[in-house]
Amino acid sequence: AQKVTQAQTEISVVEKEDVTLDCVYETRDTTYYLFWYKQPPSGELVFLIRRNSFDEQNEISGRYSWNFQKSTSSFNFTITASQVVDSAVYFCALSEGSNAGNMLTFGGGTRLMVKP
Amino acid sequence: DTGVSQNPRHKITKRGQNVTFRCDPISEHNRLYWYRQTLGQGPEFLTYFQNEAQLEKSRLLSDRFSAERPKGSFSTLEIQRTEQGDSAMYLCASSFPPLADPSTDTQYFGPGTRLTVL
Chain A
1 AQKVTQAQTE
11 ISVVEKEDVT
21 LDCVYETRDT
31 TYYLFWYKQP
41 PSGELVFLIR
51 RNSFDEQNEI
61 SGRYSWNFQK
71 STSSFNFTIT
81 ASQVVDSAVY
91 FCALSEGSNA
101 GNMLTFGGGT
111 RLMVKP
Chain B
117 DTGVSQNPRH
127 KITKRGQNVT
137 FRCDPISEHN
147 RLYWYRQTLG
157 QGPEFLTYFQ
167 NEAQLEKSRL
177 LSDRFSAERP
187 KGSFSTLEIQ
197 RTEQGDSAMY
207 LCASSFPPLA
217 DPSTDTQYFG
227 PGTRLTVL
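Those protein sequences? They're chains A and B, same order as listed.
Take the first sequence: its position 4, counted from the start at 1, is 4 in the working numbering, and no numbers get skipped.
Going from the second sequence to the working numbering is simple: count from 1 and add 116.
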């Protein structure tokens with residue numbers, strides 16, 4: 001069965017520090033999708049990124065970057081020059097199969113606190 | 117374009133009562149999902165619909181839970197004879213998988229309904 005593990009339950013950094021959130025997944029499927037969502041204090045999950053299992057290219061979007069490594073079953077998320085507004089709970093998620101819209105299996109989340 | 121909306125945002129009920137939540141997906145999204153999130157945990161899948169058809173149900177969805185999407189638009193989730201263990205945030209999401217490329221499908225979440233069972 002699929003599983004997502006986010007070993008870091010809470011991380012605290014000072015503004016402008018770089019921070020990496022770890023995500024390790026388990027699946028028997030060869031086709032799958034990985035996601036990151038942000039959950040600010042308001043509670044609504046905000047979609048950040050989707051990657052499919054055939055695309056291991058790293059991606060950068062502004063201060064955010066993602067490192068996907070199939071060899072270690074990891075999909076890590078780095079925030080460069082963190083800001084107070086980045087404070088939130090971040091979830092990594094997995095969906096199996098050829099349709100990216102299949103049910104999501106979430107990790108337990110990492111609470112990021114960015115202090116001014 | 118409005119996002120996914122859920123009502124009510126908060127519900128407090130006594131054990132044994134029935135409750136019903138409503139989810140309105142993003143317009144024209146044909147897939148609708150329900151998840152449950154307990155404090156300090158990640159969301160857990162409950163069920164999903166494609167149009168009005170309920171295609172998958174988690175084993176978490178006990179007999180006391182029922183979800184409907186009668187016209188393929190909004191959905192309701194009912195919990196009968198609530199128990200204290202039902203206290204959680206109930207999240208709804210919707211998506212529109214492009215026929216040409218379902219690999220680009222993405223679930224967009226609503227603000228959730230927080231249920232407290234006393």
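I should point out that these hints are in silico values taken from the structure, not numbers from a laboratory.
Wrong hints could be hidden among the right ones.
Said to hold, decoys possible - As a list, the in silico SDA-like pairs of lysine to any residue whose alpha-carbon atoms are at most 20 Å apart:
#, chain 1, residue 1, chain 2, residue 2
1, B, 173, A, 1
2, B, 127, A, 1
3, A, 70, B, 219
4, A, 3, B, 172
5, B, 127, A, 42
6, A, 3, B, 154
7, B, 173, A, 97
To be verified - Simulated coverage check for chain B against chain A, where a stretch passes if three residues somewhere in it have a Cβ under 8 Å from a Cβ of chain A:
#, region
8, 161-173
9, 176-183
10, 190-203
As the structure is a computational prediction, the values presented were derived from the model and not from experiment.
From the three backbone atoms N, C-alpha and C, an ideal C-beta is built for every residue, glycine too.
Hints and how they fare:
no. : hint         : result
1   : B:173 / A:1  : 16 Å, holds
2   : B:127 / A:1  : 33 Å, violated
3   : A:70 / B:219 : 18 Å, holds
4   : A:3 / B:172  : 18 Å, holds
5   : B:127 / A:42 : 16 Å, holds
6   : A:3 / B:154  : 18 Å, holds
7   : B:173 / A:97 : 17 Å, holds
8   : 161-173      : holds (count 3)
9   : 176-183      : violated (count 0)
10  : 190-203      : violated (count 0)
When each numbered hint is compared with the structure, violations occur for hints 2, 9 and 10.
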